[in-house]
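Novice: One letter stands for each residue in the lines below.
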Amino acid sequence: MANKQVLSPVPGTFYRKPAPDQPPYKEEGDQVAAGEAIGLVEVMKSFHEIKTDFSGTVAKFLVDNEDPVMAGQPLVEIDG
Amino acid sequence: MAIKVNSPGLATSVQDLGRPGYYHLGIPISGGMDRFALRAANMLVGNDEGAAVLEAVFLGPELEFTQDAMVAVTGADLPPKVDGDPRATWTSFAIRAGQVLSFEYLKGGARAYIAVSGGIDVPLALGSRSTYTLGALGGFEGRNLLAGDELPVGAAPAAAEGRVVPAELRRMPGSPAELRAMPGLYWHRITEASRRGFFEDTWKVALEADRIGYRFQNGHPLEFVDREPPFGAGSDPSNIVDSCYPYGSIQVPGGTEPIVLHRDAVSGGGYFMIGTVISADMDLIGQLQPHTPTRFVSVDMAAALAARHDRRALLDKIRSALD
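Line by line, the protein sequences are chains A and B. Using this note's numbering, the first residue of the first sequence is number 1, and each one after it goes up by one. Using this note's numbering, the first residue of the second sequence is number 1001, and each one after it goes up by one.
For the record, the hints were derived by calculation from the structure and aren't laboratory data. Glycine is no exception: its CB is placed at the ideal position from the N, C-alpha and C atoms. Be aware that a few hints might be false.
[Stated by the list, open to error] Derived list of chain A stretches under chain B, where covered just means 3 residues or more per stretch with a C-beta under 8 Å from a C-beta of chain B:
hint, stretch
1, 25-38
2, 65-72
[Claimed, not checked] One side of the interface only, derived from the structure: several residues of chain A facing chain B at Cβ under 10 Å:
hint, residue
3, Glu42
4, Val43
5, Met44
6, Lys45
7, Ser46
8, His48
Could you build all of it, start to finish, from the sequences and the hints given here?
Specialist: Rendered as structure tokens:
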């Protein structure tokens, strides 16, 4: 059981929720399917949904809500 | 047809050196944000320095070539790959018909310039191939690239493979980034303490930073000198009677977050400008990622002109190095 990481494609600010008044996309321990969103990264006045390429269990978020992220930075570990 | 866009990246657009001459009519100068890197990319592949290239920001596109070409990627450290094999930046490399150009994650900087021998051959609009997306003018159908687009490439003899811009002739911002600026026409509107503070503070690039302008945060709010608003100016102390906005001008709406206007900026309005970033440093702004610490450094006209001269001399050195 190897943990796989979902990386941010762009630099910006990471958000766990699709909107401030909505629940987080995923919590640790949740199941995810390939193609499902795990968060948002905001840059240049737009929001980019971050989707996972693999399915499994969300093991750990590696960045907090509203943390700055770099391109290529791991956001979440998925136990597949 | 010569390049098929498999995936467009985040906001990839066709840009050349720009469209000067229409700013007074509200049409911005557009063109590459880092024109130093744009020129270097064209030199590497043997194009005219002002040929149209692709400007990719933060995330590279995936491009399938339908004809042989020489390619160079300069500016941001966005490592290119040909059919998955890594290639160096600031270096010309050959790509053959049927091969795919893609990119690794961004490692530094913000905007990569992808030059292709022959240049991106979109029609001229008001004398330029640059894309102005807000006005749907120029470039490829007046917009950023989309998957499925097919880009025309001009016919031209390519330069040799393996030409390199030596590392010491490349120009990228440091950390903190330093942007030299000349205090401007509205300098008298802020207090002595704010004049000092603006240049002493370390600012941070905000998320609202694009081809129109770059916003900076985390400095001290500016304090204004009291006044009666002149006829035609708004009531906020940062308002002025509407005026022209130069390229590089630093407006500070509400006195809180400075915005440096860049290639696709609006040409006038009613915010006071604390000063103007010198022309030689505008390239550097195009390479700033969000959250980058940034300082403004006060210079006078003599220093600004010397910096402009130095930037030209550096381009001359690249020309000599590649001859």
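Novice: Can the hint on A:Glu42 be confirmed by a CB-to-CB distance to chain B that is less than 10 Å?
Specialist: Status holds, d = 5 Å.
Novice: Holds or violated: the hint that A:Val43 contacts chain B, with Cβ atoms closer than 10 Å.
Specialist: holds (6 Å)
Novice: Does the nearest C-beta of chain B fall within a distance shorter than 10 Å of the C-beta of A:Lys45?
Specialist: holds (6 Å)
Novice: Minimum Cβ distance from A:His48 to chain B below 10 Å?
Specialist: holds (8 Å)
Novice: Interface hint check: A:Ser46, Cβ to nearest Cβ on chain B, cutoff 10 Å. Holds or violated?
Specialist: holds (9 Å)
Novice: Using C-beta distances, would you say chain B covers the stretch 25-38 of chain A, given that this needs three or more residues below 8 Å?
Specialist: violated (count 0)
Novice: Would the hint on A:Met44 stand, with a C-beta cut-off of 10 Å toward chain B?
Specialist: Check passed: Cβ of A:Met44 comes within 5 Å of chain B, closer than 10 Å.
Novice: Take the stretch 65-72 of chain A, compare each residue's beta carbon with every beta carbon of chain B, and decide whether three or more fall closer than 8 Å.
Specialist: holds (count 4)
Violated hint for the displayed structure: number 1, the only one.
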